[in-house]
Each structure stands twice: as structure tokens, then as C-alpha cells.
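*Asks:* Residue strings, one per chain:
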Amino acid sequence: MNEQATRAGAETPMVEMRGVNKWYGDFHVLRDIDLEVKRGERIVICGPSGSGKSTLIRCINHLEEHQAGEIVVGGVPLTQDVKRIEQIRRSVGMVFQHFNLFPHLTVLENCCLAPMWVQKKPRREAEELAMRYLERVQIAEQARKYPGQLSGGQQQRVAIARSLCMHPDVMLFDEPTSALDPEMIKEVLDVMVELAREGMTMLCVTHEMGFAKTVADRVIFMDQGQIIEENAPETFFNNPQSERTQLFLSQILGH
Amino acid sequence: MTIQLKMIEARPAPKNTVGPLAWLRANLFSGPVNTVFTLLGFYLLFVLLTPTIQWAFINADWVGTSRDDCSREGACWVFVNARLTQFIYGLYPRTELWRVNIVFASFAVLIAWLAIPRLPFKRWVALATLLAFPVFAYFMLYGGHFGLSVVPTHRWGGLMLTLILAVVGMVAALPIGILLALGRRSQMPIVKSFCVVFIEFWRGVPLITILFMASVMLPLFLPTGMSVDRLVRALIGITLFQSAYMAEVIRGGLQAIPKGQEEAAAALGMGYWKRMGLIVLPQALKMMIPGIVNTFISLFKDTTLVMIIGLFDLLGIVQAALSDSRWLGFALEGYVFAAFMFWIFCFSMSRYSQYLERKLHTGHKR
Amino acid sequence: MSVRPKAHTLGPKPPFWRDRAKRALIFQVLLIAAVAAFLLYIIGNTQANLAARGITTGFGFLERTAGFGIGQSLIEYSSQSTYGRTFVVGLLNTLLVSALGVVAATIIGFTVGIARLSPNWLIARLASGYIEIFRNIPLLLQIFFWYFAVLRTMPSARDSYSLGEVIFLNVRGLYLPEPLFESGFGLIPLTFGVAIVASIALVVWNKRRHEATGKRLPAGWISLALIFGLPLLVLVATGVPVTWDVPELRGFNFRGGITIIPEFLALWLALSIYTASFIAEIVRSGIQAISHGQTEAAQALSLPQKLVLRLVIVPQALRVIIPPLTSQYLNLIKNSSLATAIGYPDLVSVFAGTTLNQTGQAIEVISMTMAVYLIISLLVSMFMNWFNARVALVER
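Protein chains in written order, with the working numbering: chain L, 1 to 255; chain H, 1001 to 1366; chain U, 2001 to 2396.
These aren't lab readings, by the way, just hints derived from the structure by calculation. Being a predicted model, the structure only gives us computed values, none of them experimental. Idealized CB from N, CA, C, for every residue including glycine. Among the clues, some could well be false.
Calculated lysine to any residue pairs in the SDA-like style (CA-CA distance at most 25 Å, straight line) [what the hints assert, rightly or not]:
1) Lys2215/U - Arg132/L
2) Lys83/L - Gln2305/U
3) Lys121/L - Ala2289/U
4) Lys121/L - Ser178/L
5) Lys2022/U - Ala1267/H
6) Lys2022/U - Leu1285/H
7) Lys2013/U - Ala1267/H
8) Lys83/L - Arg2216/U
9) Lys121/L - Leu2217/U
10) Lys121/L - Arg2020/U
11) Lys1259/H - Gln149/L
12) Lys145/L - Ala2289/U
13) Lys120/L - Lys2215/U
14) Lys1259/H - Gly148/L
15) Lys2022/U - Gly1269/H
16) Lys83/L - Ala2219/U
17) Lys1192/H - Arg2020/U
18) Lys1192/H - Leu2031/U
19) Lys2306/U - Glu125/L
20) Lys121/L - Gln2305/U
21) Lys2215/U - Gln149/L
22) Lys1259/H - Arg2020/U
23) Lys1006/H - Pro1020/H
Distance windows between CB atoms, simulated [claimed, not checked]:
24) Leu1131/H - Ser2078/U: 53 to 59 Å
25) Gly50/L - Val1018/H: 55 to 61 Å
26) Val1228/H - Pro2014/U: 42 to 48 Å
27) Phe1201/H - Arg2020/U: 25 to 31 Å
With the sequences and hints as input, model every part of the structure.
*Replies:* As C-alpha cells, then:
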């Protein structure tokens, strides 16, 4: 990270975390996290369950509150100020494990909600925008349906389109494929790969190692609330340095 | 590239985020609005509780035999004390109270056995509670056999009558409810519509009109000269009312059983009654217990309505005692006592049903 | 039931008692026969009993003079009125206390239910204390409490509690001043109406504008200001053309103003407080039923908290809340029949009570009373079905 950081010194990083610590009650979930994500960088975070990887990315858009350390998103430091939190959230898109589409709204309405109410776009404009992104995730023909009528893979693609409609600078993916049936994983990953090709800054918590190999600039391995290893995918997979990374990789790729 | 080979030890959370002070800040004083609410809440609590505690405990009179013993300005619990036997047993002969006590005690044992998860033979105890116990209770309370003197039902009253009404109504309504629920799910159109009409009719009218109906219309329906005890009439009304509500609870439980269960039973060659009795109902009943307890709570509270047709349940007998010329002016004490009794029963039952619901929930997740 | 093997087309026909279709048919015919026999038996007995008691059946008694007075009536009524009119008076009184009870129970219930979910520990505890106390005490007991232990122990008219010498509370009830409208007053309801129409127009326009341009005004607040401010302005401008008929103590009682009888107060209070405890639970569980993921997704889209509630939580929670809420309303209406225990002149009290006792027409009176409640239940469940069909979330 050090050489990269000096190389990119001039330009502000997209996400910066310095000495971030978080506790759930007495449980120390995030321990001294230091992380810098440059614009256009694609990062995959993996690790055993309970290692704090979801918590880490959820701190970035303040769905979780950290108790110590600094988080700066796009040059805006994250504080308790509600306006500032909303400002940061506008530039950060998030895709959840369980999609979290709004079941009482159609696919199109799901996508138009934030553009109309937050960015104050007229409905026509919001719908055009939404249709454009729905076409990109290849689900435009389902625009008038309700989420409950779609398959898991389709719902997750809608969720990605919904986030993209806000033109985020960075996208957070919180295990986007782990609630999906195997045959649907590919359709979602394809969309994510496509997004990565277009230069979107991405932080993905995922166990899809194939995805990590193809698109990631860096792979981060977390365990017990700390970053254990951080490397280019090639080195990470072929020559893992720490013992725990080796153990984890052997478990996940073992069969 | 970064490699962290040393483990970072877990540290305690910063002082200002844990401990009682942090708890206070997070839960009571997290902002100006919240602080105002907290202060208002404490004020409300103070305004309500101080006079209540003073009235009920500090300035209350506890011992004595007549109203002259109530000299202080607080509650006169002497009144409740003096009437306690009546509030619990009604006008049941004083010398025969042991009969009621035995019934109470055996009922308590049976219920405790059913409620405590560890004890064995649940099915047999449940069967005994539903079938043998009512017969036993009848012989004990009414008498007329085995050398026990007859105690006519108009002498029954108080808490005892409340419990009798609720338990008998419940036990009698259970089989009718099961039949109605099965009927409502039946594919035979006439059976189904009969059950739907029956259920919706009793659910659609207030219990009071049913009790009026049982007390004034029922005698008309019977052959001339035949009369039915007032208590039995009330019980018929309550049973019909309760069975409709039970049917809906049971239907809910049946719906929760996956269709595959019945199909599997059919595939094993079982007929309708075997499929229901051996496979579906035993599973469904377990899920229904919270719902059944909840309807029992409603029924328990609703039994107070029988005083309108002249029976003296717990509330009825308290109300009657209030008009005793020797004890005028103690309405508040009487109602607080009755409310406390009802509350204890209903609250503990509702807690038990919540506990069961939680247990069912976790059982399903695994 | 749902498992119905295909009938055999081969082999000898089974005997009729083993043929499923015929068995079902026979069973149902037997059921009809049993029910019919039971009804005939009852009808026969009833006719014999009525003949023995010399009661003629029929609804002719509705035309006869009732001969008793009623303490509270929304329409003209005197002891010279007919039993038919008694029925209407009772029905209206039932509807009055139910309607006001529904309003109060909803307000209290929603407040307590939302307070139950407050992040403020004390407020949440107080709310759950309210719920646990009031829903576990029988309603009849609560009615008695308010009536006999509170309102009946109020002082006599001479020593009434008063609020600014215009509102009085004593053992005979609550006395409120009655507004008497002067000639110019007609303008005020008119402006009120105009303000409501204007508000609706504003809301519609605001929605269209939002869709067209993305901009919107705080239409809710503006409407509120319009609806209350405009009539108030006109009221002041026209010089307040209202005089108040303030109740006044004459002899042993108050004259003038509006009298609310203690029976009504007790019933209304108890019904509202009791039902509110159930509504609060419904509201709480309805809001909690919405998964936390919904809130998070909305927050991640940078919707501010107010909009998260308005656009995501409330629309979903209402779908969960409204069905059990209506059944609570139905319970409240049915429970209003407990009026008879303290003598509030509702339908059951004046009709199934007094009228039944005076005429002995048990069958007719009880059937009419039950029919009223059944019709109300039927209307409400029809509404429920319509509502459920309309708002049900579309699933696969």
C-alpha cells in the first residue's frame, strides 16, 4: 500500500479510514483499521464470518457508527452531522445481501424514489434515467413489476440499478451473491464485472474468488476485526503470506 | 501490500461508550428533545405513583373487622379482608370450602404439570385435564354423590365461578372448535358454508347479546316445563361464543402445517381422520397453544359479563358487596382488589404465551 | 381434502359408501337433515312456549308506545314515542359512543404504540406499562371503575369542580358551554370548507409539480395553516359572531349548555383506554414487522429520516396494521354493548334490556339486536377484503 499511496499522493483518495475502531457493547469488532481507496480502484474484502468485513463497509456510509478513528469519503470527513452524512450517502451506493428492495413499489418506482425525492428530479427525467440503468442490468422489461414477482438474481440486479441511479462515486457491495441460488450468481457477477470495467470505484465483500481474480486491484483479508493481509490478487491467491490467510483460502478453495 | 502478522489484542471500548453513564446518555438524554421527554416521564411517574402508593400502602388500614377500623385517609383494605372468603368462594357453604380447595389444588397441579416443560407424560396429563378433571370437579363442587351434600349453583360465586366459567367454556369449546375448523377447510360446500356461517355468526355479535339470548331465548327453545340451570345457560352461551374464536385459532394453526405433511400421510395410505388425528393436528396443536392461551385470556376477562344476567363472578360479587350498607363508599378498594386478581391471572398467562411463541420461533429457525 | 387420488376407471364400481363423491354427498345431506330437524324441534317448542305464555309473535310491538324515557337521545324522543323509535335512539347512541371511542382509541393507541418503540428507555417503559396494565384488566371492571369509583363520587351540583367557571364536572355529568351562532356565523363553516378544498387542490398541485419539476412545497403544513388559520381569521374579522350559553347553577342543577351524562363519559373513557392498549400493540408490531433492511436501504439511498418514514416505513407498516386495527374497531363497537351494565342508553340497554322486559318479545328483540351487530361486522369485513385485495403486496 505504501508505494501506491505515495504514487497517488496528489489526488484525494475516494475513501480514507485511519485508525478506525468499533465496539458492539464490549465486543471489539473493528481494530485499528487503516485503509485508503483511490478513485477507480476495485477492492475485494474477504474473511471468515464475523471478521468484521460487513461492519467495515457499513461504517463508510454510516449505517454503523464507529467510535474511534477517522473516515473521509470523497474529501468529506464523516461526523455526526446529519447533513454531512446525507451528503456522503449521496455519493456512496450500497448493495445488500438481501437486496432490500421496497416491496410496495414497482421496480421503476424503486429506482426513481431517491432521484425524485433527494435529487429533486422531475418524474420523466427520473424514469428515463432509471430505464437506462435497468437496461444496463438487462431487466428493463420487468420495470412495471413488483420486486416480489422477480427472482433473487433479478432483484439484486434491480438493487444495483437503483444505486446507480444516484450516480454514486463509489459502490459498496455487502455479500451481494450469498443469498442467491447458484444459477443466479453469474448474472449478478456479470453486472458487477461490467461495472468494474467502466471504472467504478468498488468495495466488495464477497467470497466469489473468481470475481476477485478477474477484477480486483487489491484483495483484503480480514480476521477478528483487523486487516491481516492486503495484496494484489495474484500474490494473494498464489502466495498468501499469513498463516490464517492460507488456512482460509484452503477452506474456501479446498473442494 | 500489507501483511499484519501480529494479532491486535481486543481492547475495552472507550469509557464514554460503555457503562451506566453511557447507557444513561444513550437511552435517556441523547438530545434536547429526549431529555425533555425523560424529565416529563419522570414527572408523570412521580405524579401518578406518589398518591397511589400513599393511598394503597402508607395511609392504608389493613386489620380490623368493621368500617370503624378504617380511621386513616388511605385505602380501607379491612373491607377486602372481611369479604375475602366471599370474593373467592361466593356463597358456598363455609363448612364445605375444603371441596373447592381440593378442586383448586388439583387444577393448579395439572396446569403446572402442563406448563413446566421438563415433566413427562404431557399427553396423558392433558387428556386427564380435558376429560377426567371436569367430571371430578363436577362431583366435588356440586355433590350429591359419595356422601357429599348438594351445593346448588346459585351459591357458587366469586373467583371460583370465574374460573369455572372460563375453564368449562374453554374445555367444551375445544372439540367444537376443532370440528368447525376442519369443516371450514373442508371441500364439501355445504359443510364448509355451514361452518363459515356458524363461526362468523358467533364472532359477529357481542357476548352480551349471546348471554341475553341464552338466558331469555333458550328457555323458549326447550320443551314446555323443562328448565335449565342459570349457570348452565350461561355456559352454553359462552361455549358457543368461544368455540367460534377457537375455530379461527385452530384454522390458523392448521394453515401453518405444510401441505406436504398431509400428502405424505396420504401417500402412506391413511384415511382422512387418521391423517388429521395422527399427523396434522398434533403438529398444529403445538403451534396453536399461544393462540389458545390468548383466547383463554380474553374469555377469562369476558366472564365478567355474566353478572349482567345475574351470576356472581368475581366482579359480580365485589359489585354486590359494594352495595352492602355496612360497607358503603369502598368502591375503589373493591375494584382495585378485583383488578389486581384479574391482572395477575391475565398477565402471567400472557407472559407464558409470549414465552411459548419465542420458543416456537427459535425451534423453527433451527 | 386437498389430496384426492384419481377415481378408478377400471374394475368394478365400488359400493356407494366407499365412493368418495357419494360419501361426501350423503354426509352433507345428513348434515342438512340434522340441522333442519334441530330447527324444527326448536321452532315447535318455541311456538308451544309462546302460546302457553300468551305472547303473539311479530314486529307489531314496534308501533306501540314505549312509555319510558331515555337519558340521552340524538333525536326527538319522549315516553310517548314508539318502541321502533326506541330502537333507533339506542342504535344512534351505540354508534355515537363507538365513533367517539374509535377516534380516541386510535389517537391514544398510535401515540402509545409509537412511544413503545421510542429510543428513550423511560418513555418506552411507560408505554409498555400502560399496555400491560390496561389490556389485562376486564373492560367491564374498567367501566365500573370510571363510573362508580370516579364519576359517581364527584361532588353534587353545588360543589362542582369547575374550569374557569364555564366547564363544570359533578355527579350528574360534565357541563360544557354551548355555542350559539349569530347570523354572520355562516361564513365560518364556509371558509372552513373553502380552506379544505384549497388544501386538497394544493396537495394535488404539489404532487403534479413534484412529478413535473422535482420541486415541492411543504404542502402538509401549508394546508394545516389554511384549514385552521383561514376560519380563525374570518372569525376575528367578522367580530366573533358567537355567544356561549354557559351552564349556570339554578337550584340543585345546572341549566343551559351541553350536558354529557356520566354514563357516557365512563363508557367512552373505558372503551378508549382499553382498546387503545390493543391498538398500541398492533402499531408496535406493525412497525417492527418492517425489516431493518428496509430502513438501511432507504438510508443508503441518502433519504433523510423523515422521508424514510414517510416513503418506506409507513406505507408498509399500514398494510400490516390496518387489518387487525379494523378488527379492534369491531371489538370496540361490540364492547360498547357493556353500556347496559351502567345504564348508558345504547342499543342493548334500551332495546334488548328495557324493551324486552316490557314486551316479552324475546325472539324479535334479540334477533334485531344481533342483526344490527352482524350487519356492522359484515360491512367491516367486506371493507377488509376489499382493502386487502387492494394493498396486498404482489408476490410470485
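*Asks:* If you check each hint against the structure, which ones fail?
*Replies:* Those not satisfied are hints 3, 4, 6, 10, 21, 23 and 25.
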